[in-house]
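There are 2 protein chains.
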Amino acid sequence: MEHQAIEDQLHGSSTWMKRFERYLPELVYGSIDGIVTTFAVVAGSAGAELSISVVLILGLANLIADGLSMSIGSYLSKKSEQDNYKKHLKIEAWEIENLPDAERKEIEDIFREKGFDGKELEMVVNRITSNKKVWLDTMMKDELGLTLESKSPFKAGLSTLVSFVIAGAIPLIVYILSYSGNTSLDPFILSSVVTALAFVLIGYIKTYVTQAGLIRSIAETLLLGAAAAAAAYFLGDYLRGIIT
Amino acid sequence: MEHQAIEDQLHGSSTWMKRFERYLPELVYGSIDGIVTTFAVVAGSAGAELSISVVLILGLANLIADGLSMSIGSYLSKKSEQDNYKKHLKIEAWEIENLPDAERKEIEDIFREKGFDGKELEMVVNRITSNKKVWLDTMMKDELGLTLESKSPFKAGLSTLVSFVIAGAIPLIVYILSYSGNTSLDPFILSSVVTALAFVLIGYIKTYVTQAGLIRSIAETLLLGAAAAAAAYFLGDYLRGIIT
Numbered sequence: 013m014e015h016q017a018i019e020d021q022l023h024g025s026s027t028w029m030k031r032f033e034r035y036l037p038e039l040v041y042g043s044i045d046g047i048v049t050t051f052a053v054v055a056g057s058a059g060a061e062l063s064i065s066v067v068l069i070l071g072l073a074n075l076i077a078d079g080l081s082m083s084i085g086s087y088l089s090k091k092s093e094q095d096n097y098k099k100h101l102k103i104e105a106w107e108i109e110n111l112p113d114a115e116r117k118e119i120e121d122i123f124r125e126k127g128f129d130g131k132e133l134e135m136v137v138n139r140i141t142s143n144k145k146v147w148l149d150t151m152m153k154d155e156l157g158l159t160l161e162s163k164s165p166f167k168a169g170l171s172t173l174v175s176f177v178i179a180g181a182i183p184l185i186v187y188i189l190s191y192s193g194n195t196s197l198d199p200f201i202l203s204s205v206v207t208a209l210a211f212v213l214i215g216y217i218k219t220y221v222t223q224a225g226l227i228r229s230i231a232e233t234l235l236l237g238a239a240a241a242a243a244a245y246f247l248g249d250y251l252r253g254i255i256t
Numbered sequence: 013m014e015h016q017a018i019e020d021q022l023h024g025s026s027t028w029m030k031r032f033e034r035y036l037p038e039l040v041y042g043s044i045d046g047i048v049t050t051f052a053v054v055a056g057s058a059g060a061e062l063s064i065s066v067v068l069i070l071g072l073a074n075l076i077a078d079g080l081s082m083s084i085g086s087y088l089s090k091k092s093e094q095d096n097y098k099k100h101l102k103i104e105a106w107e108i109e110n111l112p113d114a115e116r117k118e119i120e121d122i123f124r125e126k127g128f129d130g131k132e133l134e135m136v137v138n139r140i141t142s143n144k145k146v147w148l149d150t151m152m153k154d155e156l157g158l159t160l161e162s163k164s165p166f167k168a169g170l171s172t173l174v175s176f177v178i179a180g181a182i183p184l185i186v187y188i189l190s191y192s193g194n195t196s197l198d199p200f201i202l203s204s205v206v207t208a209l210a211f212v213l214i215g216y217i218k219t220y221v222t223q224a225g226l227i228r229s230i231a232e233t234l235l236l237g238a239a240a241a242a243a244a245y246f247l248g249d250y251l252r253g254i255i256t
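These protein sequence lines map, in sequence, to chains A and B. Going by my numbering, the first sequence opens with residue 13, and the numbers climb by one from there. Going by my numbering, the second sequence opens with residue 13, and the numbers climb by one from there.
Derived from the structure by calculation, the hints contain no laboratory data. Worth double-checking, as some hints may not be accurate.
Said to hold, decoys possible - Below 30 angstroms or equal to it, Euclidean Cα-Cα: the simulated BS3-like pairs (lysine-lysine) are:
{"#": "1", "chain 1": "B", "residue 1": "K91", "chain 2": "A", "residue 2": "K91"}
{"#": "2", "chain 1": "A", "residue 1": "K163", "chain 2": "B", "residue 2": "K163"}
{"#": "3", "chain 1": "B", "residue 1": "K98", "chain 2": "A", "residue 2": "K163"}
{"#": "4", "chain 1": "B", "residue 1": "K153", "chain 2": "A", "residue 2": "K131"}
{"#": "5", "chain 1": "A", "residue 1": "K117", "chain 2": "B", "residue 2": "K126"}
{"#": "6", "chain 1": "A", "residue 1": "K131", "chain 2": "B", "residue 2": "K163"}
Here the structure is a predicted model, which is why all the values come from computation and not from measurement.
Kindly generate the complete structure, drawing on both the sequences and the hints.
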């Protein structure tokens, strides 16, 4: 904890910001999933010329149902990752207590691989195995390739839910206004414009997660949304012709 | 490659199986996302008493659109992870060439943290920094905590697409049969039963990914699907009352 505070001081970023940034991937990917899924309902309905009430009913139902399932799924997968890490940590700790010779041999193999030999190898192995915490840590990282992400499964799930529902509501807002009679413009065209702007914004925020270039990130996100919406629109249009 | 073959021999698993297993997380999570999203359309439509043709049009449109977006998203996120790894690898390699003293100091810090000191510390640092590959590898793993997943972004995306579309089609099959007049039973009840069975099967396969217990994995997956469907059903039912 104290070390974290010093790190924050050095990086000029508050603890609050750090905490927020930790869940940025969930926020970004949750937003993309949410906005794509409701815009697919909007575009499919527009292609099939379904009524505004169908768009609203299925758009909202899909938003809540998918939002719940994505966030519960995000919680469960983070939870199982952590459970899996803890399970292997327990096994390795048990092995160090009960089969120290075999585990010592594994440390020897790891450092032989790194180019150590003879007296040097013996010394490194002695030093590593003299501290059980370091020993265990080396087994987890170098033997099993496992590291523990310090993310709360609950907060990861909550971040997914909130971003999914907020971003997913964007394509529907125009339809809600249109349904209330507050606009006379074509709701599909208006919704497409608003949704495209939201995709640009999400693509921009995504650069903080992927560290990709700005133009590339925006183009990728926008194209992804457009491809999904076009597929839904043309499929809706095609099915309208064959399904009465 | 040869080492991999020996590993496969020891673990009694063919190279083909190994390759397949590598994409099992994508296959499992793609299946869950696909089946949840189409079953949400089915349940929401049932709650709102919409026609079978609406279920088919929006179910299929959603299946293709969401399937595309999830798989492109999976491809892009794997790709950006690898790009990010390569970027940091390049930076570290450049630093080792051009700022060897600073990078040597970092290796020193890493091993001091592990309990090395004095002559021992000097020896370990000398050994690690004598081989640039080991030096670079240590920086990536111990300083940055980065490891490279040997997954092809393209295959990860393709696995997501195939599993999403196949599993997502399950709740709709009954509606297609029902639409063709091949069954007289209530399509929503039939679809719920078939979908529940599919959730049990996916929960079972999921144990290979999460290594959780069988009962827990099946119960979790089934409850997730049921929660999402119930939310969609009751929201559809509620909105039918207020949206004419």
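Quick rundown of the hints versus the structure:
1. B:K91 / A:K91: holds, 25 angstroms
2. A:K163 / B:K163: Satisfied, since the Cα-Cα distance of roughly 23 angstroms is no more than 30 angstroms.
3. B:K98 / A:K163: holds, 24 angstroms
4. B:K153 / A:K131: At roughly 25 angstroms apart (the allowed maximum being 30 angstroms), K131 of chain A and K153 of chain B satisfy the hint.
5. A:K117 / B:K126: OK: K117 of chain A and K126 of chain B at ~18 angstroms, within 30 angstroms.
6. A:K131 / B:K163: violated, 38 angstroms
Against the hints set out earlier in the document, a violation occurs for number 6 only.
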